[in-house]
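Using the hints, position chain B against chain F.
First to last, the sequence lines map onto chains F and B.
First residue of the first sequence? That's 1 in my numbering, and the numbers climb one at a time after it.
First residue of the second sequence? That's 1 in my numbering, and the numbers climb one at a time after it.
One or more of the hints may lead you astray.
[Claimed, not checked] List time: in silico SDA-like cross-link candidates among lysine to any residue, alpha-carbon distance up to 20 Å:
| # | chain 1 | residue 1 | chain 2 | residue 2 |
| --- | --- | --- | --- | --- |
| 1 | B | 25 | F | 103 |
| 2 | F | 93 | B | 23 |
| 3 | B | 225 | F | 99 |
| 4 | F | 54 | B | 27 |
| 5 | F | 27 | F | 78 |
| 6 | F | 54 | F | 64 |
| 7 | B | 25 | B | 225 |
| 8 | F | 54 | B | 54 |
| 9 | F | 93 | B | 174 |
| 10 | F | 93 | B | 16 |
| 11 | B | 225 | B | 27 |
| 12 | F | 27 | B | 104 |
| 13 | B | 25 | F | 99 |
| 14 | B | 225 | F | 91 |
| 15 | B | 174 | F | 125 |
The set of hints was computed from the structure by calculation and includes no laboratory data.
The structure displayed is predicted, hence computed values, not measured ones.
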Amino acid sequence: MQHSSNTHSPEVTFHHAPGDSASTIKKIVRTTVILSVITLIELALGFGIYMLHKNPDPSHALILFIKGVIVILSLLKAFYIVGVFMHLGDEVKNMIMTIVVPLMLFIWFIAAFLWDGNAWRNLRNTDAGHRPAKQEQVTKPVDAKKPGGIE
Amino acid sequence: MATAATSDIKWWAGGRSPFNMEYGKLMMWYFLMSDAFTFGAFLISYGTIRFSQNYWPDPNHVFNAFPFAGHANLPLAFVSLMTFILIISSVTMVLAVHAGHHMDRKGVIKWMIWTIVGGIAFLSCQAWEWTHLITGHHPVLIDGVVQEIGTTVSRNPWGPDVTGMMHDGMQVTKTGPVAFGGYFFGITGFHGFHVLSGVVINIIMLIMTLNGTFDRRGHYQMIEKAGLYWHFVDLVWVFVFLCFYLI
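Isolated chain F, as found in the complex (with noise of 0.2 Å):
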């Protein structure tokens, strides 16, 4: 049941077939092309939020949806790499679930702190950064000979 012809580690129970070299080529040739396509698209949408900006009073909102659309296609650009390039698609999906699974702490990791970083402008923006604090220090007397005074 072995590939005899790369067979090098006790370890490997069994190889991906090597596949005829036409085919394989193939798929290198096409996800070459949709990783140019893709940034092409990305590019054009970061030269259109340019050209927004020329814009005296350019919208927000769909700036930041422009944004938006470009995280997801560098999101999908990452997926062709790692699925087809990197040829973690083809592994053993036990294999592939102790590399994806840990990466799940990204969208915690993510949200909380641009949500926090967020929080910060709004310090910013109010007087809650310079606001002197509230009470007034009080400074008792210490009578220095009774118990628990300072000695």
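Chain B only, in chain F's frame:
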């Protein structure tokens, strides 16, 4: 096909990798996962600071130069060149791994050389960009005096415009958020260092291929591991490109 018979295999009974993967390659994957968290932490910290500011420089305004193009305003042009260089070098790396699967030594040598050329080209572009950013001086109003400063980790000339104030035909600005330079040089520098180490690893792989080391071993697994690292470098660039230049 071998895969059809795998359901009867006792994967966890020892003697074989339950993940059907050679140890070194598996550890490369886990290293890359941890490295993804490192880069992620840097980029998220950048995002946090950026979100906390009322003003942040527009990348289309900061990165608008191209070598030998003088002062022409070409937003996104140079960074698209860098991005395509890295995508293409990733493709040549896949082709090298593919040639390795077929024990095609000449193919591996050819595609590894192209990958190394791509990596060096990317690093050269980055060197130019850094130099341009550090040495390109812009008039900035600091303490009521117009000074010409470049972008460094402690100074940022990319602040909001001072309306109606020109200096030698250039718009005078206020200073921008100081974190901009630190994050830009820090993160692109950390990525560039990964590219540099990737190029060094690829050169070592090329020398080993030329020496026939992998032919004697009977497999080109090392090319595959170096390939994983190289693709990761490309993957990180997707997000650096996204965070610093596009949005």
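Hint check results:
{"no.": "1", "hint": "B:25 with F:103", "verdict": "19 Å, holds"}
{"no.": "2", "hint": "F:93 with B:23", "verdict": "17 Å, holds"}
{"no.": "3", "hint": "B:225 with F:99", "verdict": "16 Å, holds"}
{"no.": "4", "hint": "F:54 with B:27", "verdict": "49 Å, violated"}
{"no.": "5", "hint": "F:27 with F:78", "verdict": "16 Å, holds"}
{"no.": "6", "hint": "F:54 with F:64", "verdict": "16 Å, holds"}
{"no.": "7", "hint": "B:25 with B:225", "verdict": "6 Å, holds"}
{"no.": "8", "hint": "F:54 with B:54", "verdict": "19 Å, holds"}
{"no.": "9", "hint": "F:93 with B:174", "verdict": "54 Å, violated"}
{"no.": "10", "hint": "F:93 with B:16", "verdict": "16 Å, holds"}
{"no.": "11", "hint": "B:225 with B:27", "verdict": "10 Å, holds"}
{"no.": "12", "hint": "F:27 with B:104", "verdict": "19 Å, holds"}
{"no.": "13", "hint": "B:25 with F:99", "verdict": "13 Å, holds"}
{"no.": "14", "hint": "B:225 with F:91", "verdict": "14 Å, holds"}
{"no.": "15", "hint": "B:174 with F:125", "verdict": "19 Å, holds"}
In the structure shown, a violation is registered for the earlier hints numbered 4, 9, in ascending order.
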